[in-house]
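A.B. asks: As a plain string of letters, each chain reads:
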Amino acid sequence: MTKRNPDYDFKWCPGCGDFGVVRAVELALADRVTRLGEPIENTVVVAGIGCSGNLVHLQEGPQPFGIHGIHGRTLPIAYGVKAARPELNVLVAAGDGDFLSIGAEHIGPAAKRNMDVTCVVMDNGIYGLTKGQASPTSAFEAVTPTTPLGKLDDAMNPLELFLALGVNYIASMLSTRPRDLAATIGEAMEYPGFAIVHVQSPCTTYNDTYAALKGNPKQGIEPAAYPLPEDHDPTNREQAMAHATSGRIPVGLLFRAPESIPMYQRLTGARERAGQREAPDVEALLSTLEI
Amino acid sequence: MATDLVVRFAGEGGQGVVTAAEGLAQAAARVGYHVQTFSTFPSQIKGGPTWAQTRISTRPVLAAGDQLDVLVVLNRYAYDHHIEECRDDGIVVYNSGDFEIEDGNRCIGMEVDRLARETGNPLAANMVMIGAVAALAGMPAEYFTDFIRERFTRGRANDAVIIEGNIKALDLGMDTVQETGLTVAGLDSPPLTEGPRVLMRGYEAASLGAIASGLDVFVGYPISPATTMLTFMERYLTGDGSYVGQSSSEIESITALIGAGFAGKRAMTSTAGPGLSLMSEGLGLAWMAEIPLVVVNVQRGGPSTGLPTKTEQSDLLTALNPGHGDLRIPIIAPGSVEECFYAAAHAINWAERYQGPVILLSEASVAERQQDVPRPPLSSIRPESRVTVNGSEAIDGDGPPRRYRGEQLTPFPVPGGPGAYVANGSEHDEYGDTTHLPKWHLQMTHRRFGKLALLEEDLFESEGTEAQIALMPWGGSKGPSRAAYLALRDRGDLAWYFTMFLNPLPPALLEELRAKELVLVPELNYLGQFAGLLRQQGVRAEAITQYTGLPFKERFLTERIRERLEARTGELVRV
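In order, the protein sequence lines correspond to chains V and W.
For the first sequence, this note's numbering assigns the number 1 to the initial residue and increments by one for each residue that follows.
For the second sequence, this note's numbering assigns the number 1 to the initial residue and increments by one for each residue that follows.
Keep in mind that a hint or two might mislead.
Said to hold, decoys possible - Sample of chain W residues lacking proximity to chain V, with all beta carbon distances greater than 12 Å (derived): (1) 14; (2) 118; (3) 222; (4) 249; (5) 376.
Claimed, not checked - Under 10 Å between C-beta atoms, here's a sample of chain W residues computed to sit facing chain V: (6) 207; (7) 244; (8) 274.
In case anyone wonders, no lab produced these hints; they're calculated from the structure.
Even glycine gets a Cβ: it sits at the ideal position worked out from N, Cα and C.
Produce the entire structure from the sequences given, and follow the hints as far as they go.
C.D. replies: Right, dumping it as structure tokens:
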């Protein structure tokens, strides 16, 4: 199958980082099908609102299930899917505005529940679909239509935030390397707990950061992105925090908690201990109320 | 002898007035009386004016009663604020350890706290009060001693001591009253009731109805007066395959339900006014993407934080149109504790049947009160399951599956199975992909509203239908309205209607209402919300409103209705 719906006419701008991300998601899901033998219909992609969320309609090839819901609520929707059907593979795809601004309140609870969901955060440092307003990750002093005097708020550091909130698996990646990204998304989906793959996915129309990320020696631009060194120990929270707050953008697996018991296992474990593995007996409950 | 005994306990939060009222109700129900409790308190844990009431009757109780046979008051404030509701021949039992009533000849002073301390258990103050009431109404001590033994036999080392202390407290209360020689009219013997009965609260009935109807997932956020349902579910919705969780907000609750409903499960939450407001965008998504789920909204006084622990019926318009844009959420509003059970089961069935969100509109006074009701037979609950996609239907030729095909309900694709699609909150085409073309917005709008016809059921009560003026309350105003109707029924000029299905209304009911000269709608809000909705649907409806945070009183309603009936007679004479 080529495009799943020939009438669907949404387009990303030429050069948009999200092309690399959708390709990576397709590769990661296809790999999961071949390697684990899991049908594609076992995956649910929960997409946010914004340019990035359209990924759910633009995936080529065999289709997973999808939810394209409301702005900022990918995580609680994914929570509901996972609570109801722990055996499903749930992937969240959202932008920085959706995930880090309106939806930021949901990251902490998702991390603390350790729900077994993988999030692909497509960070372009701007609100693209509403035409270029400042987002939490836009640079301090960035001039945009909503910050004509320059952005007065400090830029949010998402990796530092995720570490502080106790996210158990955190990777920082680039949309320009879809195969690396696919491999990381694949690993994150297999990690038993809450995982965030944060992707620098530049917006060529409103916030083109390709040069800043890669650097440009001719223009004297030092690359903002750097690969995590080979000796980086992703199980070491302090090391991860040092890279997250280095002032540059580390690329690779930043943090992976070695111990991770996902939401569903916690519930079944607690129910096992409390003797609550059996469904409720309504007749018996009514009998306790009988006069 | 009397058919009814209405007792109110009033004091401060933490003084055990609610426990006293419920203990009295439980003991009376145990010996075969019909009972109903009502309690009201401020939004604080300790202190603040609190009162609770029990009505014991030889007939099924419709309302908590507005004339007190016995008023038990623990402080001066309570006496001053409740004495007007005591019958002329009623009796006041007051806490003489706290204040004195100088001019009362039907008042009994009792040092409640000192008597409780004498038993060695200061917590037994409520049993002293119950003892006093029992003696006044001539109820035998055994009614209560058996109840105390049952209630406090909890397998703990000090059970015997606590039981003994409570029985002693009961005796002290009874003795104090018997010394005065005062009594109220003794209750007739308990009636012979047929079949097993249960004593339950509205939220327990709703929770059990939902579980009986196959509930899988419950996610909620604490909020008065809806938290009780969440805690009930946390405790009793057990078993592999089910999930209960506390969310971080009502936004999280509703969107989690969307995820669970999308994943093929029956999902429910409970909330109240402010939470319903936060759920508005999510309810719109569920309507738009056609996801089954149930929100139980336990109404309290609003707007904003309003009256968190009081009762009101002011969320009807919000429940009907919680979100922006064109939508109309199906609503079921139970009128009694018993109806809560069937309403919750029905709400889950409706969500499955039409593949969309349903609101169960309860209210504080219905959810929290205790009442004896016939034990609901589980055979009367028939859980429905949404129509789902099976292998062959999902394949639309060689093209992608068309989840939203046509203007009628279509089979629901369940993740893990065939028919993968995108459940989309943006307007979409039949595949679920976003589109802004007018033809799709037209088709999908017709589709979403058209499915409501699947919920039209002609289930309603009616009586005296030849009369041209009708009384039709909704929700928890049913009880006092029914009592008023019974008081006026013999006039022969008033019809009675009731349904818990507010949207869509039973079509045959709507037709009958449209033929009436006037439909009177008692409701606890300022706007006359339901009367307004009926007028929109071509019914000559007029509201009888009250907005005090308390339920209607029977006498108030009876008089208001009588005035309206007689005004009409006057008009006819003038014509």
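A.B. asks: Does each hint hold? Answer for all of them.
C.D. replies: To see whether the hints hold, each was checked on the structure:
1. 14: About 26 Å separates residue 14 of chain W from the closest Cβ of chain V, which puts it past 12 Å; holds.
2. 118: Nearest chain V Cβ is 32 Å from residue 118 of chain W, so the label holds.
3. 222: It holds; residue 222 of chain W is separated from chain V by about 14 Å at its closest Cβ, greater than 12 Å.
4. 249: Violated: least Cβ distance 7 Å, not greater than 12 Å.
5. 376: 7 Å, violated
6. 207: 9 Å, holds
7. 244: 9 Å, holds
8. 274: 16 Å, violated
Hints 4, 5 and 8 from the list above are not met by this structure, while the remaining hints are.
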